[in-house]
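Visitor: Chain residues, written in single-letter form:
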Amino acid sequence: MAAHAASELWQLSAAEASRLLADREISSVELTDACLERIAAVDDRISAYITVTADLARQQATDADRRIAGVPMQIKDLLCTNGIATTCASRMLAEYIPVYDATAVARLREHGAVLLGKGNMDEFGMGSSTENSAFFPTRNPWDTGRVPGGSSGGSAAAVSAGAAPFALGTDTGGSIRQPASFCGVTGLKPTYGRVSRYGLVAYASSLDQVGPIARDAADCALILQSIAGHDSRDATSLPDAVPDYSAALTGDISGLRLGVPSEYFAEGMDAGVRAAVTAAIDQLAALGAEIREVSLPTTQYALACYYIIAPSECSANLARYDGVKYGYSHQGDGDMWEAMERTRQHGFGPEVKRRIMLGAFALSSGYYDAYYHKAQQVRTLIRQDFAHVFEEVDALAAPVSPVVAFPIGERTDDPVRMYLVDVYTLPVNMAGLPAMSVPCGFSNGLPVGLQLIGPHLSEDRLLNIAHTYQQATEWHRERPGI
Amino acid sequence: MGCEITPSSKFDRKNYFYPDLPKNYQISQYDIPLCQNGQVSFEFEGELRTVALRRIHLEEDAGKSIHAEVTGDPTRSFMDFNRAGVPLLEIVSEPELHSPEEAIAYCRAVKEILEYIEVSDCNMEEGSLRCEPNLSLRPKGSKELGTRTEIKNKNSFQELIDAMEYEVKRQARILDAGEEVVQETLLFDASTGKTVAMRGKEEADDYRYFPEPDLVHVQISDEWIEESQPTLPELPAARRKRFISDYDISPDNAEFLTNTRPLAEFFDEAARLSGEPTTCANWIMGDLTRLLNTAEIEIQDAKVTPAHLNELIQLIGDATISGKIAKSVLDDAFETGKMPKQIVSEKGLAQITDTSEIETIVLQVVEENPGPAQDYRDGTKKAIGFLVGQVMRATRGKANPQLVNEILTRVLSTD
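Those protein sequence lines, which keep their order, are chains A and B.
First residue of the first sequence: 1, per the UniProt record's numbering; consecutive thereafter.
First residue of the second sequence: 1, per the UniProt record's numbering; consecutive thereafter.
Because the hints were derived from the structure by calculation, they are not lab data.
Treat each hint with caution, since some may be false.
[Stated by the list, open to error] With beta-carbon atoms standing in for the labels, derived distance ranges:
1. A:Thr-62 / B:Asp-206: 52 to 60 Å
2. A:His-230 / B:Asp-301: 37 to 45 Å
3. A:Gln-59 / B:Glu-184: 52 to 60 Å
4. A:Arg-257 / B:Asn-82: 54 to 62 Å
5. B:Glu-94 / A:Arg-257: 53 to 61 Å
[Said to hold, decoys possible] Listed next, the stretches of chain A that the computed footprint assigns to chain B, with coverage defined by at least 3 CB atoms under 8 Å from CB atoms of chain B:
6. 321-330
7. 364-371
[To be verified] Result set (EDC-like, lysine to aspartate or glutamate): computed pairs, CA atoms no more than 20 Å apart in a straight line:
8. B:Lys-23 / A:Asp-143
9. A:Lys-325 / B:Asp-61
10. A:Lys-374 / B:Asp-31
11. B:Lys-23 / A:Glu-95
12. B:Lys-64 / B:Asp-189
We put the CB at the ideal spot given by N, CA and C, even for glycine.
Kindly generate the complete structure, drawing on both the sequences and the hints.
Guide: Next comes the structure, spelled out in C-alpha cells:
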C-alpha cells in the first residue's frame with residue numbers, strides 16, 4: 001500500500017485505520033497526531049470540542065501502537081470519563097471530573113481506542129441543534145452558519161470534519177440520528193438496553209441509549225461490537241448475546257421486505273429531503289429489497305407523548321444538581337433552600353429549566369393520571385404499532401428529519417418549532433427499537449439522512465442494509481470542504 | 001408474618017429535595033409493594049394481641065445529617081453519605097396500637113422475629129433497626145383517626161417510649177386548647193426529651209411518585225416461595241410454646257431461654273442430649289449466664305457446647321462429681337473448652353465414694369474434734385455440719401457429701 005501523507009490520515013474510516021494499524025502501515029501516534037492537527041485546523045470554525053485531551057491522546061496512542069486497535073475517538077460530554085472533565089455542556093457541571101468511566105467508554109478503552117476529547121452537545125442532551133450548549137454552539141462543517149443538529153452535534157460534526165474517525169453519541173429522541181443526518185455521517189441508536197447506560201448522565205432513563213457515529217456502517221458495526229452487551233451495573237441492560245456485527249455485513253439484501261410508513265412523508269417536508277429519501281428507497285429496491293407501503297397511525301402522538309415522558313423523567317434525574325453534593329454551587333445565600341434555588345437558577349440553561357418544569361408539572365398530584373399515565377399508555381400503543389408492522393416487514397425506511405441543517409438561531413425563539421425537527425426519530429425511542437441514519441444525498445448542498453428502523457435487537461440486519469446501500473452509493477464518502 | 005407476597009412488584013421514585021438524599025429522590029415502592037397484609041402477635045398485659053400489617057416494602061436509605069448538637073457548630077451541618085443507597089425493609093402496621101407500651105411490645109416482637117431469621121442485627125444504636133411511630137389522638141369513642149405526626153430519631157427503646165409519651169402529651173395539650181395538630185415529621189431530641197418539627201409530611205408534600213425506570217420488576221415465583229418455606233427457622237413464639245409443653249419449662253424460663261436464637265438452640269440441643277431439660281435450664285440460666293456476662297461474650301462464641309453441658313450433667317448424675325465440684329469443672333470448660341470428663345481426670349476431681357476410705361477419715365476427724373462430736377451426741381444436731389466440713393476439707397472436697405453424712409451419723413451414733 002502507498003505511504004499515507006499525514007495530511008490524509010484524518011480522512012481514514014475507523015475500519016480502514018484499524019486495518020492499516022494492524023498491518024503496521026501506519027502507527028497510532030501518526031494517526032493521532034494527524035487528528036490533533038486536523039482538530040487544530042478546523043475546530044475554531046465548528047466548535048465540536050469542549051475539551052481536547054491532546055496529551056492523553058498521545059500517551060494512549062503510544063500505548064496502542066503496542067496493540068491492534070488504536071483508533072482515536074471522541075466521546076460526547078454526557079458520558080463519564082475517569083479523570084477527565086465531563087460537563088454535559090452545562091454550567092452546572094463545568095468543573096465536574098468523574099472518578100470512573102462509563103461502561104461504554106471503558107469497553108472502548110479496553111479495546112485500545114484512543115480518546116481525542118469530549119464532544120460538545122445540547123445541555124444534558126436536551127435539544128436538537130447543539131445551540132443549547134452552555135459554552136458555545138457547534139457549527140455544521142458543511143456550512144458553518146448552520147447547526148450540526150443535536151443533541152450529539154459535536155460528535156457528528158467532528159466525524160464529518162475529520163476531527164475524529166468516530167464518536168460515541170447518545171440518542172433519547174433522535175440525538176444520534178438527526179445530527180448524523182445533518183452532517184452527512186452514519187449513526188446508529190441501538191435497541192434500548194443493548195448498550196449499558198452505566199456512567200451515562202441520565203436525561204430520560206427509559207429512552208436514553210449510547211451509540212456510534214462514524215463514517216459508515218462497517219465502522220458502526222466495529223464500534224457497536226465493543227460496547228454492546230450485558231452490564232450488571234445497569235439493571236435495564238439486556239442479557240441477550242451480542243452477535244458478530246461485522247460478520248453480518250454480507251452485502252446482500254435480496255428478499256428483504258422494506259416498509260415505507262406513509263405518516264413519515266407528511267406535508268411540509270423539505271422537497272429535497274423527500275427526493276433524496278425516495279431515491280434511496282428506490283436504490284434499495286434495485287438492490288433486491290421488496291418495498292411495501294405501511295402505516296403507523298400513532299405517529300402523530302409520538303411528539304406529545306415524548307414531551308411528557310422525557311421531561312417527567314428528567315425532572316427527577318436532574319433533581320440531584322442542588323449545589324450540595326457536587327457541581328456548581330451558588331454561594332452567599334441566606335439559607336440552604338435559597339442556595340439550592342439559586343444554584344439551579346444559574347446552573348441550568350433555559351431549555352433544561354423548561355423541561356424540568358414541564359416534567360414536574362406532568363407528575364404532580366392531580367395531573368399524573370391525565371399526563372404521565374396517559375402518555376405511558378399511548379407509548380404502549382406506539383410500541384404495538386411497530387410490533388404490528390414488523391409482522392409484515394423486516395425493516396422500515398423513512399426520512400430522519402423533515403428538514404436539513406437550518407441556520408443557527410433560526411428556531412431558538414420557538415421551542416415547539418425546534419421540537420418538530422425530531423418528529424420522525426422520537427417514535428423509535430418510545431418503542432425502544434434500533435435505528436440508523438445513513439447519508440443518502442443532498443438538498444441545497446446540505447446532507448440528507450435515510451432512517452432505517454428495525455425490530456427489537458435487529459442491529460445486525462440494519463447494519464447490513466446500510467452497508468449494502470453504501471457499497472452501491474458514494475454519499476457517505478462525501479466530505480465537507482472545510 | 002403471614003403476608004401475601006406480590007408476584008411482580010415494582011419500584012417507584014419518591015421525589016423531594018433534601019441535602020442528605022443524594023439524588024433528591026428516594027427509590028421506594030409506592031403502590032405495588034413486595035408484601036401486603038399479614039400480622040404480628042405478641043403478649044401484652046397478659047393477653048395475646050395481634051396487630052395487622054399493612055405492607056412490607058423495600059426502599060433505599062438516605063444519608064445521615066449531622067447537626068450542631070453533635071458538632072457544636074451552629075453555622076453548618078454535615079452530610080454522611082456512607083449508608084445512602086443501602087436497602088431498607090420497611091414494615092408498616094395498621095394503626096391498631098393503643099399505647100406507647102403496646103407499641104414497644106409490638107416493636108420487640110418484630111425485632112425478635114427479624115433477629116431469629118437473621119435478616120438484621122436489629123441494633124437501634126447503629127441504625128440497623130429503626131422504629132418510627134405515627135401517632136394521633138382522638139376523642140374516646142370516636143371512630144375517626146386524628147391527625148398524625150411521625151417521630152424519627154430514637155436510638156433505643158427507652159428513647160422511643162419517651163418520645164411517644166411526650167408526643168401524646170404535646171398533642172393532648174394542643175387539642176385541649178381547641179387547636180389542630182399539624183401533620184408533620186418530628187425529630188426526638190433526647191437531651192430535652194421533646195419532639196421538634198422537621199419537615200412537612202406525606203400529604204403535605206407532593207412526592208410526584210412515578211415508576212422507577214432504572215430498575216426492572218421484581219418477580220417472585222410460587223416455586224421460590226415454596227422452596228424457602230422449609231428453610232425458615234422455628235419462630236420464637238412457637239419455640240417458647242414447645243419448650244413449655246415438651247420440656248415442662250415455666251413461661252418465664254422459656255422467655256429467658258428464647259431470648260436469642262443461639263441461646264434457644266443451645267438449650268434445645270442440651271435438653272435433647274441429656275434428657276434433663278430442667279437441669280439444663282438451671283445450669284444455663286445460672287452458672288453459664290454468669291460466665292458469659294463476666295466474659296462479655298454471647299453463647300455462640302463460647303467454648304462450651306451442649307455436649308459439654310450434657311457430659312457435666314451425666315457426671316453429676318452418676319455421682320462421679322458433686323454439684324459443687326461441677327461448678328468448677330464448668331468454669332474450667334468455659335476457659336479451656338475441654339470436655340468435663342477430661343477435666344475431672346486431669347485434675348483428679350472425682351468424688352471419693354469408697355466408704356471405707358471415707359470411714360477412715362471420718363474416724364480421724366471425730367477423734368481430732370471431740371468437742372463438736374460430743375455436742376452432737378448431747379443433742380446439738382447441727383454440730384455435725386462442722387464435722388462434715390472438716391471431712392470435706394480433709395478430702396479437698398472430693399468426698400461424696402451424702403456418704404460423709406451417712407457415715408458420720410452412724411459413727412457418732414454408735415459411740
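Visitor: Next step is simple, just say for each hint if it's right about the structure.
Guide: Against the structure, the hints come out as follows:
no.: 1; hint: A:Thr-62 / B:Asp-206: 52 to 60 Å; in the structure: holds (56 Å)
no.: 2; hint: A:His-230 / B:Asp-301: 37 to 45 Å; in the structure: holds (42 Å)
no.: 3; hint: A:Gln-59 / B:Glu-184: 52 to 60 Å; in the structure: holds (57 Å)
no.: 4; hint: A:Arg-257 / B:Asn-82: 54 to 62 Å; in the structure: holds (57 Å)
no.: 5; hint: B:Glu-94 / A:Arg-257: 53 to 61 Å; in the structure: holds (59 Å)
no.: 6; hint: 321-330; in the structure: holds (count 3)
no.: 7; hint: 364-371; in the structure: holds (count 3)
no.: 8; hint: B:Lys-23 / A:Asp-143; in the structure: violated (41 Å)
no.: 9; hint: A:Lys-325 / B:Asp-61; in the structure: holds (16 Å)
no.: 10; hint: A:Lys-374 / B:Asp-31; in the structure: holds (17 Å)
no.: 11; hint: B:Lys-23 / A:Glu-95; in the structure: holds (19 Å)
no.: 12; hint: B:Lys-64 / B:Asp-189; in the structure: holds (16 Å)
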